[in-house]
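So the protein sequences, as listed, match chains Z and A. Using the UniProt record's numbering, the letters of the first sequence correspond one by one to residues 1 to 207. Using the UniProt record's numbering, the letters of the second sequence correspond one by one to residues 1 to 207.
The list cannot tell twin chains apart, which means a pair is met if one copy fits it or any two copies do.
Listed next, the in silico SDA-like pairs over lysine to any residue satisfying Cα-Cα at most 25 Å (straight line): (1) Lys180 to Pro68; (2) Lys45 to Glu118; (3) Lys45 to Trp111; (4) Lys45 to Glu131.
These are computed hints drawn from the structure, not numbers from a lab.
Listed below are the residues making up each chain.
Number of protein chains: 2
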Amino acid sequence: MSDAREGAPRKRGRPARTDAGDGPGARERILTAARAEFAEHGYDKASIRGIAKGAGVDPALVHHYFGPKEKIFGAAVEVDFASALQAQETVTSGGLETVGERLTRYILGVWEAPVTREPLLAIVRSAVANETAAAVFRDLVTVRLMARVAGELDVPAPRLRSELAAAQLVGIALLRHVIKVEPLASADIEQVIAMVAPVVQRHLTEG
Amino acid sequence: MSDAREGAPRKRGRPARTDAGDGPGARERILTAARAEFAEHGYDKASIRGIAKGAGVDPALVHHYFGPKEKIFGAAVEVDFASALQAQETVTSGGLETVGERLTRYILGVWEAPVTREPLLAIVRSAVANETAAAVFRDLVTVRLMARVAGELDVPAPRLRSELAAAQLVGIALLRHVIKVEPLASADIEQVIAMVAPVVQRHLTEG
Numbered sequence: 001m002s003d004a005r006e007g008a009p010r011k012r013g014r015p016a017r018t019d020a021g022d023g024p025g026a027r028e029r030i031l032t033a034a035r036a037e038f039a040e041h042g043y044d045k046a047s048i049r050g051i052a053k054g055a056g057v058d059p060a061l062v063h064h065y066f067g068p069k070e071k072i073f074g075a076a077v078e079v080d081f082a083s084a085l086q087a088q089e090t091v092t093s094g095g096l097e098t099v100g101e102r103l104t105r106y107i108l109g110v111w112e113a114p115v116t117r118e119p120l121l122a123i124v125r126s127a128v129a130n131e132t133a134a135a136v137f138r139d140l141v142t143v144r145l146m147a148r149v150a151g152e153l154d155v156p157a158p159r160l161r162s163e164l165a166a167a168q169l170v171g172i173a174l175l176r177h178v179i180k181v182e183p184l185a186s187a188d189i190e191q192v193i194a195m196v197a198p199v200v201q202r203h204l205t206e207g
Numbered sequence: 001m002s003d004a005r006e007g008a009p010r011k012r013g014r015p016a017r018t019d020a021g022d023g024p025g026a027r028e029r030i031l032t033a034a035r036a037e038f039a040e041h042g043y044d045k046a047s048i049r050g051i052a053k054g055a056g057v058d059p060a061l062v063h064h065y066f067g068p069k070e071k072i073f074g075a076a077v078e079v080d081f082a083s084a085l086q087a088q089e090t091v092t093s094g095g096l097e098t099v100g101e102r103l104t105r106y107i108l109g110v111w112e113a114p115v116t117r118e119p120l121l122a123i124v125r126s127a128v129a130n131e132t133a134a135a136v137f138r139d140l141v142t143v144r145l146m147a148r149v150a151g152e153l154d155v156p157a158p159r160l161r162s163e164l165a166a167a168q169l170v171g172i173a174l175l176r177h178v179i180k181v182e183p184l185a186s187a188d189i190e191q192v193i194a195m196v197a198p199v200v201q202r203h204l205t206e207g
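Generate the whole structure from the sequences, applying the supplied hints.
Following this line, the structure appears as structure tokens:
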């Protein structure tokens, strides 16, 4: 991520190292604050000033580490997807016979816990409203996640199939957690997984 | 819709009947302009002034017919769902054995044509970003659309099943038309329908 500095404006110079909040952990605090800012305000209304305030640092330090808002968003999203990728390896390493159940449990599971749901809500809200955020989301989803799943499949049109499976899971997350349609919003998650896993399995390996 | 006037502010009085654009068709022009405004700017940024400008009428007339922004949004969405409902009857009247293919073709079809896609994009963008818009969307989806489909089904948990089917189709629309994930975004729509219809059928009638 060291090349993220390339986009940083230089006209105000390097931020003073005596700024409150600089030092070990500042970068992580900025990313955490960025995810909270994007989740609360969406991409368009999120501000570097708000992110800096949330992290307890000078706005110049945010610029210094990440550059413009687009790059902060990319970095914040990338962290989420990096941890998702680790789990994804678990998903694909367990054999294709049960990949539908594992993928469904994993994706719907990260939407259940508020701590992982909030960054995802930020990504979805931002990507729906803003083309820059959509492009960041698109590249990460296709390159990092679904292309890897598709690479494991031994069927025709594996990428299209993996995206139809993703569409099922993204649609459930949207209706359950964003639009909050009942009875889906209040349904027991194990019941939902039991009903959806066979469909995801079918997309990925059958027909 | 005559009670929509209840929310209209009175302090400026009834708009003068000599206002440019008042008269037959003004109400429909306002709704068309409202859908365009919500589509372009989303719920939060859409303004009554912008809607009035698009319809060629005084902003007071927009207030007069529909009241505050929330009610304009509800009316604009309701028109879309009223026509959707007509088609929905066609979907459910053709027998349960092929309901998956007909529902898939209908829902994905309205997303293919720009003239019907734009209002849907407006609804999705608005509902994702704003709780008021989400509530309008939620009530219309559950009460008007999916509850009717569910009423035709002879399986356990028909409403939950119909929402999982809706989630599959909404997710595809989102990834294909909003996030524009490839290869789904460029895939032949008939190929997509052929791959998805059996899954929707399974949600609605099998297992």
